[in-house]
Amino acid sequence: MSNSAAIGTQTEKSTWRNKVGLAEMLKGGVIMDVINPEQARIAEDAGAVAVMALERVPADIRKHGGVARMSDPAMIQEIMDTVTIPVMAKARIGHIIEARILEAMGVDFIDESEVLTPADEEFHIDKNIFRVPFVCGCRNLGEALRRIGEGAALIRTKGEAGTGNVVEAVRHMRTVLGHVRKLQTMDRAELMTEAKNLGAPYDIVLHIAETGKLPVPNFSAGGVATPADAALMMHLGAETVFVGSGIFKSGDPAERAKRIVDAVMHYRDYERLVDISKGLGEPMVGIDIHKMSDTEKFADRGW
Amino acid sequence: MPKRIGVLALQGGYAAHAKVLQRLGADVIEVRLPEHLAQCDALVMPGGESTTIIRLLQRNLLDTVIVERANAGMPIFATCAGLILLSKRIASGAERGGQPTLGLLDVAVVRNGFGRQLDSFEADLQIKGFETPLRAIFIRAPIITDVGPGVDVLATVDDKVVMVQQGKLLAAAFHPELLNDDRIHAHFLDAVVEH
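Sequence order for the protein chains is B and W.
Heads up, the working numbering is the position in the first sequence plus 111, with the first residue counted as 1.
Heads up, the working numbering is the position in the second sequence plus 23, with the first residue counted as 1.
Do not rely on the hints blindly, as some may be mistaken.
35 Å max Cα-Cα, derived DSBU-like pairs, lysine-lysine [unchecked claim]:
hint : chain 1 : residue 1 : chain 2 : residue 2
1    : B       : K293      : W       : K183
2    : W       : K151      : B       : K293
3    : W       : K151      : B       : K124
4    : W       : K183      : B       : K307
5    : B       : K324      : W       : K42
6    : B       : K124      : W       : K191
7    : B       : K124      : W       : K183
8    : B       : K408      : B       : K124
In short, the hints are calculated from the structure, not lab data.
Keep in mind it's a predicted model, so treat the numbers as computed, not measured.
Please model the complete structure; the sequences and the hints are all you need to start from.
Spelled out as structure tokens, the structure:
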């Protein structure tokens with residue numbers, strides 16, 4: 112990407128408002144994991160608002176085991192050349208150079224993702240110094256606010272990726288938004304101690320107590336497999352959903368992708384959700400969270 | 024009676040537009056279906072992804088009714104993706120052309136005309152009829168080209184057209200809804216809708 116000469120007067124590129132602004136424009140859309148240009152085109156035709164380019168969807172990362180890394184830039188580039196919607200790609204937690212490579216090739220959003228094997232088990236990337244916007248996962252409000260403090264322009268609750276089981280997505284969304292509501296009931300003296308207990312920046316805690324909202328959009332990820340799952344996450348307060356394995360691990364990906372897009376838009380219209388849910392064929396096979404060992408859970412990665 | 028302003032709420036930045044319009048005292052209706060549009064005196068088409076929004080317009084049978092209402096004089100204010108959807112055609116370039124549009128505004132647009140997200144920017148914009156510049160936020164923004172004879176150019180960035188008006192259609196390539204500067208929305212309500 113060129114860092115071209117100034118346009119107009121007082122021009123600034125890649126400002127905080129530019130980063131959060133792109134996240135704002137993704138609201139109410141669906142972001143889909145794709146592994147090749149064909150899938151990217153199916154996602155775009157179904158009405159996806161963005162695609163996440165990666166070599167293996169989370170369900171396959173689980174199956175294959177080993178170390179999961181940033182995808183081949185050649186494969187990401189092919190997808191960028193195929194679709195006109197924004198393209199996101201994943202870097203490992205703390206892997207500054209994977210993130211710099213993705214930024215240099217001009218991806219529209221980087222996901223510093225627990226789905227990949229962490230490169231740093233203590234520190235996340237300092238995202239404020241990048242020109243590209245970042246999205247990060249969280250299980251609770253403290254984790255969300257630490258990531259925003261580091262510069263994330265978009266937050267997604269983690270859920271448990273690659274399971275086709277929405278239970279963790281629900282748990283994390285309820286945990287985050289329940290805590291937002293709790294902050295709104297506290298007085299100033301309580302909020303400092305609450306910030307300490309959360310391990311979160313005090314100024315952002317104050318902002319939330321005043322506005323009742325995170326300072327960046329809050330999406331849901333990890334376990335959405337059906338249109339009803341997507342609508343459930345919207346009902347619980349997600350501003351949109353990421354769907355990973357749920358689409359291309361199902362029987363009819365093109366149709367399922369389209370139905371999930373429709374379900375997000377019409378999540379309050381239950382009659383319409385009947386038709387949206389009808390005759391959709393096999394969803395991806397799900398995994399019972401309680402039968403997984405702790406080391407198999409991606410959501411515990413992140414500090 | 025206050026005018027009822029519809030905000031197309033299929034996907035994208037509709038909540039921010041609704042907030043600004045409410046701040047200015049408008050009665051706002053979220054438009055997802057034709058029956059919602061029927062209750063509105065004017066329509067705001069927000070930013071988001073134009074490829075997503077056009078599909079949702081078609082699937083929810085809104086595309087033809089918006090065109091009918093606009094042809095009957097309904098004012099429309101469109102931003103970013105909304106501008107793309109309002110335009111007569113999408114100029115082919117690096118990006119794929121041929122995407123369907125509503126074809127109401129006599130201009131062509133180049134999608135992502137300034138580049139991808141890393142080229143998103145803010146700039147002070149001199150807008151025709153405004154006394155002081157407005158800070159404008161451009162996000163993967165389109166550029167307007169081939170401006171037709173009935174179209175008034177209201178703002179440019181480096182000679183690239185980024186804001187126009189054609190009768191009751193007002194369109195901007197940037198995001199006035201993301202600012203605390205409500206002048207463009209106020210112009211739409213006072214000079215376009217009420218005029």
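Outcome of the hint check:
A C-alpha spacing of about 48 Å is found between K293(B) and K183(W), which places the hinted pair above 35 Å, so the restraint is violated. At roughly 47 Å between alpha-carbon atoms, K151(W) and K293(B) are farther apart than 35 Å, so this suggested pair is violated. Proximity of K151(W) to K124(B) is assessed by CA-CA distance (about 24 Å); at most 35 Å being required, the pair is judged to hold. Restraint check for K183(W) and K307(B): the C-alpha separation of about 50 Å exceeds 35 Å, so the hint is violated.
Note on K324(B) and K42(W): the hinted pairing holds, with a Cα-Cα distance of about 14 Å set against a maximum of 35 Å. At most 35 Å may separate the alpha-carbon atoms for a hinted pair to count; K124(B) and K191(W) meet this at roughly 32 Å. The suggested pairing of K124(B) with K183(W) holds, with an alpha-carbon distance near 17 Å, which does not exceed 35 Å. In summary, the hint linking K408(B) to K124(B) is not supported, as the alpha carbons are separated by about 38 Å, beyond the 35 Å threshold.
This entry does not satisfy hints 1, 2, 4 and 8, going by the numbered hints stated previously.
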